[in-house]
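**Student:** In the order they appear, the protein sequences are chains P and B.
Going by our numbering, the final residue of the first sequence carries number 219, and the count climbs one at a time with no gaps.
Going by our numbering, the final residue of the second sequence carries number 1480, and the count climbs one at a time with no gaps.
Hints were generated in silico from the structure; no laboratory data involved.
Using N, Cα and C, we set each Cβ at its ideal position, and we do this for glycine too.
Accuracy of the hints is not assured; some may be wrong.
Quick look at which bits of chain P chain B covers, simulated, 3 or more residues with Cβ under 8 Å [claimed, not checked]: (1) 70-82; (2) 85-99; (3) 117-128; (4) 157-164; (5) 198-209.
Derived lysine to any residue pairs resembling SDA-like cross-links, with alpha carbons at most 25 Å apart [as the list claims (entries may be wrong)]: (6) P:Lys-216 - B:Pro-1368; (7) P:Lys-216 - B:Phe-1463; (8) B:Lys-1064 - B:Leu-1013.
Which stretches of chain P does chain B cover? Using the computed rule of at least three CB atoms under 8 Å from a CB of chain B, they are [unchecked claim]: (9) 24-38; (10) 147-154; (11) 171-183.
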Amino acid sequence: MRARGRGSPARAALVASLTLLALAIALTLTRSPVSVAGTSVPRGVSEEPIASTQTGASYCQPGERLPRAVSAIRVWLAAVTGPRVSLAVRSDGRRLTGGRSSAGWSGGSVTVPVGALAHAVSDVTLCVSFQLRDETVYVQGSGASAADGLRAGARELPARMWVEYLRPSSSSWVSLIPSILRHMGFGHAAPGPWSAFAALALLAAAAALASRAAFKELR
Amino acid sequence: MSAALARIPRMALTCAAIACLNAISWSLVTPPFEVPDEPDHFAYVKQLAETGRPPSSSSEDLSKEESAALYALDSERLRLRPQIHAIQTQGEQEALERALASDAHETGSPAAGVATSQPPLYYALEAIPYSLASGASVLDRVALMRLFSALLAGFTALFAYLFVREALPAAPWAWSVGGLSIALAPLLAFMSGAVNPDALLFAVSAALFYCLARAFRRGLGTRDAIAIGAVTAIGFMSKLNFIGLAPGVLLGLVVLTVRQARAIGHSAWRRLALAGGLALSPIVLYALVNALSDHPVLGLVSQASPGGSLLAELNYVWQLYLPALPGAVSDFPGLFTAREIWFHQYVGLYGWLDTPLPGWVDNLALVPATLIAALCLRSLYRGRAALRSRALELATYAIMAFGLMALIGLASYQHFPATDAEFGQVRYLLPLLAPLGAALALAARGAGRRWGPAVGAAIVVLFIAHDIFSQLQVIARYYG
Chain P
1 MRARGRGSPA
11 RAALVASLTL
21 LALAIALTLT
31 RSPVSVAGTS
41 VPRGVSEEPI
51 ASTQTGASYC
61 QPGERLPRAV
71 SAIRVWLAAV
81 TGPRVSLAVR
91 SDGRRLTGGR
101 SSAGWSGGSV
111 TVPVGALAHA
121 VSDVTLCVSF
131 QLRDETVYVQ
141 GSGASAADGL
151 RAGARELPAR
161 MWVEYLRPSS
171 SSWVSLIPSI
181 LRHMGFGHAA
191 PGPWSAFAAL
201 ALLAAAAALA
211 SRAAFKELR
Chain B
1001 MSAALARIPR
1011 MALTCAAIAC
1021 LNAISWSLVT
1031 PPFEVPDEPD
1041 HFAYVKQLAE
1051 TGRPPSSSSE
1061 DLSKEESAAL
1071 YALDSERLRL
1081 RPQIHAIQTQ
1091 GEQEALERAL
1101 ASDAHETGSP
1111 AAGVATSQPP
1121 LYYALEAIPY
1131 SLASGASVLD
1141 RVALMRLFSA
1151 LLAGFTALFA
1161 YLFVREALPA
1171 APWAWSVGGL
1181 SIALAPLLAF
1191 MSGAVNPDAL
1201 LFAVSAALFY
1211 CLARAFRRGL
1221 GTRDAIAIGA
1231 VTAIGFMSKL
1241 NFIGLAPGVL
1251 LGLVVLTVRQ
1261 ARAIGHSAWR
1271 RLALAGGLAL
1281 SPIVLYALVN
1291 ALSDHPVLGL
1301 VSQASPGGSL
1311 LAELNYVWQL
1321 YLPALPGAVS
1331 DFPGLFTARE
1341 IWFHQYVGLY
1351 GWLDTPLPGW
1361 VDNLALVPAT
1371 LIAALCLRSL
1381 YRGRAALRSR
1391 ALELATYAIM
1401 AFGLMALIGL
1411 ASYQHFPATD
1421 AEFGQVRYLL
1431 PLLAPLGAAL
1441 ALAARGAGRR
1451 WGPAVGAAIV
1461 VLFIAHDIFS
1471 QLQVIARYYG
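Using the sequences and the hints given, assemble the complete structure.
**Tutor:** Dropping the structure here:
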């Protein structure tokens, strides 16, 4: 019985799946986290609602700079159940790049994946638009002169929406492990990197126990 | 005690151990107070442990020592801003330690925010670890309380496995698929690795499903009636959301009693009375205390009022889960709620619902989810003859699920249209983890006896992967 089980499709599937998982983890760790390549977020200032809508709107912000290789743009829109957001970056009326978020996001910002450009472009206009019926969406940012401000249709607001341009950083997750371990040692009950190692050991133990149990039970 | 422990199947204990380890791991990875409403739940425990009385105010004016810790942890800025990391420097750590060591201690916390309206059982249990660490810092107390919650994750997985075992007796090899997958579910570990009464609610709900399945399979004995009644009573004392499961439990008890009455006559009704009396005892006691102290008899529930017409409410609840029916006004224009709220959140949304997995993962996850659903349906179709004979049992579970979903929908409707789906959070559906375990076991069975175990193994590894990548995402968000 035991010998027959050892070569069963279930055990082969388990070994193959675990191998695939190990490869996926290794691949993920060699990838780069996103970093902020450019931002309109001023330092030391708290965001505040600068506009809101319950019916959907289109907001455009001139005078932005699109860095090269940006793969996503984070815009400061706040909602409980956010709508699908369309984003476009234009220059001289021409659409340079853009994208759409899925609906259902929540919180104080939404990140929209966009197609990356090989070079930076200055003085672009960033537009976001979405449809709503009841939910309130707030545009968040901080004060600015109306001439430089956000446009809500034909209206010029004396404030700018906060925007961050994201692209993969030059370092991989693997290279960041030491600093992540150090950061995990702060802000917990007993400071120090022990909590990171303990969490890792517990997770590995849970995964190993589950794999062993599946190996024994499924044949 | 040891004899009772020895009767528990080894695999059930393995599932419990895995769920505990996993939840403890999550409790270490998630920064303190970065789980929905954890500051409020901590405040409730503090008030109960230090004064013996529940909190009296739902304001967010928490105690000085908790507020100082929250301030030093930068919690307010972290919340809903996924671009901001947890504290990362030695200077911030030293400021935190100074805040924790300050003598800003005051007895109790009369205000406990949204936790104030909840029943006291979970908080009373958490008062034990809280008191054990009473001389230690706020963060030490949170850590110990989180460990207690993690133990409850073990009970959830244990009862989920036992439910699968009772519900699908013909496929012993598939039980482990359901039990192990639930033990590894990242959302269970995330919520149970925190100070939150959801941890107890999940465990009690899984136990209730198990007790009902056992009674449906073996008949409603006196012990079963006592167990169902007692577990239901514990559920009522755990979290208000448990009320959603009650109509299904009532149906189940009536069906079981009618069946039992055919075999043993009228004494079966005494068992129903026993179960019902036990189950309702906390509500009766609660109403009595309120009536004597001039408060609304059913507390918060008495104050709930519909926000519109019944039809509008039903329409809203339907659309919170499913696409609008033809001709109905759409309450969620442009939003496919099943996918963009429930599935998206199940795939991964941690922290204060501000830490998602990348959007492409949602699309990728649709592939295994669709395959699992298809295999589950195939299994149900192949077992349709058995399903017919167990229609009332299935109706019981279905009414429990619908009751919970309706409760979430009706609670959300109170806030509509200011917010579309105030309580559209998938954690509120986790009391249904036990049936999810059965669905996963059915999916493995749907692949047939030859390939079923292989599919089962793949499902278990899928859950391991989901758990690992979810933790990595949380680590990247807070510590990256």
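**Student:** Look at each hint and say if it fits the structure.
**Tutor:** These are the hints, each one checked on the structure:
1. Requiring three or more residues with a Cβ within less than 8 Å of a Cβ of chain B, the coverage given for the region 70-82 of chain P holds, as 4 such residues are present.
2. Three residues within the 8 Å Cβ limit are the bar, and the region 85-99 of chain P against chain B gives 0, so the coverage statement is violated.
3. Coverage of the region 117-128 of chain P by chain B is violated [criterion: at least 3 residues with CB-CB distance below 8 Å; count 0].
4. Residues of the region 157-164 of chain P with a Cβ under 8 Å from some Cβ of chain B number 1, which does not satisfy the need for three, so the listed coverage is violated.
5. Look at the region 198-209 of chain P against chain B: 9 of its residues bring a Cβ nearer than 8 Å to a Cβ of that chain, three or more, so the hint holds.
6. Only pairs whose Cα atoms come within 25 Å are accepted, and P:Lys-216 paired with B:Pro-1368 is accepted, the gap being roughly 24 Å.
7. Restraint check: the Cα-Cα separation between P:Lys-216 and B:Phe-1463 comes to about 18 Å, which is no more than 25 Å; the hinted pair holds.
8. Between the alpha carbons of B:Lys-1064 and B:Leu-1013 the distance comes to roughly 41 Å, so the proposed pair goes past 25 Å and is violated.
9. Judged by the Cβ-Cβ criterion of 8 Å, the region 24-38 of chain P is covered by chain B as claimed, because 5 of its residues qualify and three suffice.
10. By the rule of at least three residues with a Cβ nearer than 8 Å to a Cβ of chain B, the coverage given for the region 147-154 of chain P is violated, with 0 such residues.
11. With a cut-off of 8 Å between beta carbons, the region 171-183 of chain P has 4 residues touching chain B; three or more are needed, and the interface restraint holds.
Violation of the numbered hints given earlier is confined to hints 2, 3, 4, 8 and 10; the remaining hints are satisfied by the structure.
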